[in-house]
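Engineer: For this one, chain L is given, so just place chain Y on it according to the hints.
As you go down the protein sequences, you meet chains L and Y in turn. As numbered in the numbering used here, residues 63 to 411 make up the first sequence, in order. As numbered in the numbering used here, residues 63 to 411 make up the second sequence, in order.
Treat the hints with caution; some may be incorrect.
Note that the list lumps identical chains together, so a pair holds whenever it fits in one copy or between two copies.
What the hints assert, rightly or not - Below 30 Å or equal to it, Euclidean Cα-Cα: the simulated DSS-like pairs (lysine-lysine) are: (1) LYS313 <-> LYS102; (2) LYS312 <-> LYS102; (3) LYS247 <-> LYS121; (4) LYS399 <-> LYS102; (5) LYS312 <-> LYS74; (6) LYS102 <-> LYS321; (7) LYS185 <-> LYS220; (8) LYS113 <-> LYS364; (9) LYS336 <-> LYS220; (10) LYS102 <-> LYS113; (11) LYS405 <-> LYS199; (12) LYS405 <-> LYS73; (13) LYS363 <-> LYS113; (14) LYS368 <-> LYS113; (15) LYS227 <-> LYS199; (16) LYS102 <-> LYS368; (17) LYS148 <-> LYS291.
Treat the hints as calculated values from the structure; they're not laboratory data.
There are 2 protein chains.
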Amino acid sequence: MNKHGGYFGEKKDEVLDFSININPIGFPNDIYEVIMRNIKNIVRYPEINGKTAREILAKHLSLAPEQLIMGNGASELIYLFARSIKPERVLIVQPTFNEYERAFRLEGCDIQYFITDKNNDFKIDINKLINTIDTIKPNVVVLCNPNNPTGIYTDIEKVHILLDKMKDLSGHIFVDESFIDFTFKKSLVTFIDKYPIFILRSMTKIYGIPGIRLGYGIGSANIIEMLNKIKEPWTMNSMALELVQPLLEKKDFIVNTNKIVQKEKEYLCSELKKISSLEVFCDQGNFMLCRLKSSDVKLLKKKLLKRNIYIRTCEDFIGLDNSYFRMAIKLHEENEKLVDALKIILEEE
Amino acid sequence: MNKHGGYFGEKKDEVLDFSININPIGFPNDIYEVIMRNIKNIVRYPEINGKTAREILAKHLSLAPEQLIMGNGASELIYLFARSIKPERVLIVQPTFNEYERAFRLEGCDIQYFITDKNNDFKIDINKLINTIDTIKPNVVVLCNPNNPTGIYTDIEKVHILLDKMKDLSGHIFVDESFIDFTFKKSLVTFIDKYPIFILRSMTKIYGIPGIRLGYGIGSANIIEMLNKIKEPWTMNSMALELVQPLLEKKDFIVNTNKIVQKEKEYLCSELKKISSLEVFCDQGNFMLCRLKSSDVKLLKKKLLKRNIYIRTCEDFIGLDNSYFRMAIKLHEENEKLVDALKIILEEE
Numbered sequence: 063m064n065k066h067g068g069y070f071g072e073k074k075d076e077v078l079d080f081s082i083n084i085n086p087i088g089f090p091n092d093i094y095e096v097i098m099r100n101i102k103n104i105v106r107y108p109e110i111n112g113k114t115a116r117e118i119l120a121k122h123l124s125l126a127p128e129q130l131i132m133g134n135g136a137s138e139l140i141y142l143f144a145r146s147i148k149p150e151r152v153l154i155v156q157p158t159f160n161e162y163e164r165a166f167r168l169e170g171c172d173i174q175y176f177i178t179d180k181n182n183d184f185k186i187d188i189n190k191l192i193n194t195i196d197t198i199k200p201n202v203v204v205l206c207n208p209n210n211p212t213g214i215y216t217d218i219e220k221v222h223i224l225l226d227k228m229k230d231l232s233g234h235i236f237v238d239e240s241f242i243d244f245t246f247k248k249s250l251v252t253f254i255d256k257y258p259i260f261i262l263r264s265m266t267k268i269y270g271i272p273g274i275r276l277g278y279g280i281g282s283a284n285i286i287e288m289l290n291k292i293k294e295p296w297t298m299n300s301m302a303l304e305l306v307q308p309l310l311e312k313k314d315f316i317v318n319t320n321k322i323v324q325k326e327k328e329y330l331c332s333e334l335k336k337i338s339s340l341e342v343f344c345d346q347g348n349f350m351l352c353r354l355k356s357s358d359v360k361l362l363k364k365k366l367l368k369r370n371i372y373i374r375t376c377e378d379f380i381g382l383d384n385s386y387f388r389m390a391i392k393l394h395e396e397n398e399k400l401v402d403a404l405k406i407i408l409e410e411e
Numbered sequence: 063m064n065k066h067g068g069y070f071g072e073k074k075d076e077v078l079d080f081s082i083n084i085n086p087i088g089f090p091n092d093i094y095e096v097i098m099r100n101i102k103n104i105v106r107y108p109e110i111n112g113k114t115a116r117e118i119l120a121k122h123l124s125l126a127p128e129q130l131i132m133g134n135g136a137s138e139l140i141y142l143f144a145r146s147i148k149p150e151r152v153l154i155v156q157p158t159f160n161e162y163e164r165a166f167r168l169e170g171c172d173i174q175y176f177i178t179d180k181n182n183d184f185k186i187d188i189n190k191l192i193n194t195i196d197t198i199k200p201n202v203v204v205l206c207n208p209n210n211p212t213g214i215y216t217d218i219e220k221v222h223i224l225l226d227k228m229k230d231l232s233g234h235i236f237v238d239e240s241f242i243d244f245t246f247k248k249s250l251v252t253f254i255d256k257y258p259i260f261i262l263r264s265m266t267k268i269y270g271i272p273g274i275r276l277g278y279g280i281g282s283a284n285i286i287e288m289l290n291k292i293k294e295p296w297t298m299n300s301m302a303l304e305l306v307q308p309l310l311e312k313k314d315f316i317v318n319t320n321k322i323v324q325k326e327k328e329y330l331c332s333e334l335k336k337i338s339s340l341e342v343f344c345d346q347g348n349f350m351l352c353r354l355k356s357s358d359v360k361l362l363k364k365k366l367l368k369r370n371i372y373i374r375t376c377e378d379f380i381g382l383d384n385s386y387f388r389m390a391i392k393l394h395e396e397n398e399k400l401v402d403a404l405k406i407i408l409e410e411e
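Just chain L, same shape as in the assembly (with noise of 0.2 Å):
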């Protein structure tokens, strides 16, 4: 099982945690009214497949019921997709969440890698994916989109020849748009209807609400029969249902939201990539992927977390090694202090 998912140690109301790529915000200041009216609601069983919950959702998205799926948390759904499709071949667009890996490989599958090149800024080369597909003849291709830790996002063009491609093959693409909200890009949803697409979503990142499980997926109701027919029961909480419909109200949360990562990101690119040992990838997303040019992370995350400052190291991405580290980007008196340990520590070597 995934050994991250943030700072747990001994230390946990000091550290400034680096390492989880949600809202710098938080969550919306009136969620806390929200849910201490619904309090009283724990006391009934949540909807068993969150009916309401996905209907308010679907309209909002301008879709069926029938093409939406909700999950506790989109961890649930990379688990069920892989377990409904159970495909014997499997490509995964590398380096990425590792979570994908585990799920098909739960189901016997034969994984492969397509790892995109560190010199091309990890942007997909789309002519060397459709011959690596070419060649290997996936059953699923797996792309997160924008990319978690490279922050890469493919371009809707790039991304609909890889449709046509895996619609070809009569394959299914899994598109993980979790972290789609922090960008102005588009999203795939439109081409559910004509792709074998299945693409997930999160609510936990945009609007910091990690603890409280929620996500969902959108695909043709083909799809999502597929996956309804196997899913589990009451895996939804009922706050998290709760919850859908007042976020969903919080446009100027993620307006909001959005001025400050990208300020965010501009002050801590521009800052980092003064410092000479570091190489910054600075691109889509509410996060950064980073490389020390010539020495290993761990000395640096531990420094780091003398200063109450945790990053998550990314040693255990395919296709990248100890040399990198990935960081949220966060409110600027906090981004303030993570540049200045930066400096410090790596100046000082």
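Structural biologist: Same frame as chain L, but now just chain Y:
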């Protein structure tokens, strides 16, 4: 998927829901405060596998943490067990909760039933069960103890014979003790080191918190390790995990609950037995099984709902039919309303 889990109709706030087997008192009052105090923590991921909560619970039960696994409600663990063991053949003691069958069926298992006899008040004839096991040679036997919906508790002495038999066959016994806290009966927990047993427990029912999803499983370190190997990450939400310690401190709450449940069960049994068209099965647990001697319960359900009372009809339980219904034991005033309504409806017929 299961279609039950309580009343979700239009009259949600008026209807007395006797269909779900939850603590009649609700949840301990001061849990409100605990939840309110912890709302801020939903901005963090829960621990991936609920490590801290597991340690607290293990200590409370005098177990090692390695003998315990946390679940998103008990239902996650039913499916996880089925997926881990992937038995060829499963014998389910029926009538019982129907998620066991679904979980094993999804793994492609051959499902067989041992149906207890109404004429024996649905008690297990252990010699017959052992004979059936000798014939069928199942890899897993599933027993709910006390059983939902019959309320039958099978004594340790009888279960011991079953345990010996399944050990001889190198099989497993899956025992659901979700309702044991509503009895003064013995758990099988002391057998986990000597027998291939997995015990399912729920904190949802006794503490009145089905909305928040909290269950756990107990077994030898070997069995628990098998489950952990394929367990999905972050399935338990942070509120559920944070409630474990404060809930375990509520010993008076459980004592008080069981005083009420006992007293009310006696009241309900004696009153309902006065209705000549009704057959009443009074045994363990916070619920009772009833049978209409000569008619379909559908009409009764309809008539009760007109009076804002909702019951669980049992036509979907193997070994029962459309003459059975199950009712939870609620508070005295509520039970009186049910008794009065049943008397009026059934005695006017």
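Engineer: Tell me, please, which holds for LYS313 and LYS102 at an alpha-carbon limit of 30 Å: within, between, both or neither?
Structural biologist: both (27 Å within a copy, 21 Å between copies)
Engineer: Are the CA atoms of LYS336 and LYS220 at most 30 Å apart within a copy, between copies, both, or neither?
Structural biologist: For LYS336 and LYS220, the Cα distance exceeds 30 Å both inside one copy (33 Å) and across copies (74 Å).
Engineer: Are the CA atoms of LYS102 and LYS368 at most 30 Å apart within a copy, between copies, both, or neither?
Structural biologist: Between copies only: 25 Å across chains, 42 Å inside a chain, cut-off 30 Å.
Engineer: When Cα atoms must be at most 30 Å apart, do LYS312 and LYS74 count as within-copy, between-copy, both, or neither?
Structural biologist: both (29 Å within a copy, 27 Å between copies)
Engineer: Up to 30 Å between alpha-carbons, please classify LYS405 paired with LYS73: within, between, both or neither.
Structural biologist: Answer is within: at 23 Å inside a copy they meet the 30 Å cutoff, but 62 Å across does not.
Engineer: Is it within, between, both or neither when you check LYS363 against LYS113 at 30 Å Cα-Cα?
Structural biologist: between (44 Å within a copy, 23 Å between copies)
Engineer: Have a look at LYS113 and LYS364 and pick one of within, between, both or neither, based on CA distance no larger than 30 Å.
Structural biologist: Answer is between; shortest inter-copy Cα gap is 23 Å, intra-copy 46 Å.
Engineer: When no copy is named, should LYS227 and LYS199 be tagged within, between, both, or neither for a Cα gap of at most 30 Å?
Structural biologist: Within one copy, since 10 Å is at most 30 Å while 49 Å is not.
Engineer: State whether the alpha carbon distance between LYS312 and LYS102 is at most 30 Å within one copy, between copies, both, or neither.
Structural biologist: So LYS312 and LYS102 pass the 30 Å test inside a copy (24 Å) and across (18 Å) alike.
Engineer: Cα distance capped at 30 Å. Does LYS405 pair with LYS199 within a copy, between copies, both, or neither?
Structural biologist: Classified as neither: same-chain Cα gap 47 Å, cross-chain 68 Å, threshold 30 Å.
Engineer: Have a look at LYS102 and LYS113 and pick one of within, between, both or neither, based on CA distance no larger than 30 Å.
Structural biologist: Result: close both inside a copy and across copies, 20 Å intra and 27 Å inter.
Engineer: Taking 30 Å as the upper bound on the Cα-Cα distance, should LYS148 and LYS291 be classified as within, between, both, or neither?
Structural biologist: both (14 Å within a copy, 19 Å between copies)
When held up to the earlier numbered hints, the structure conflicts with 9, 11 and fits the remainder.
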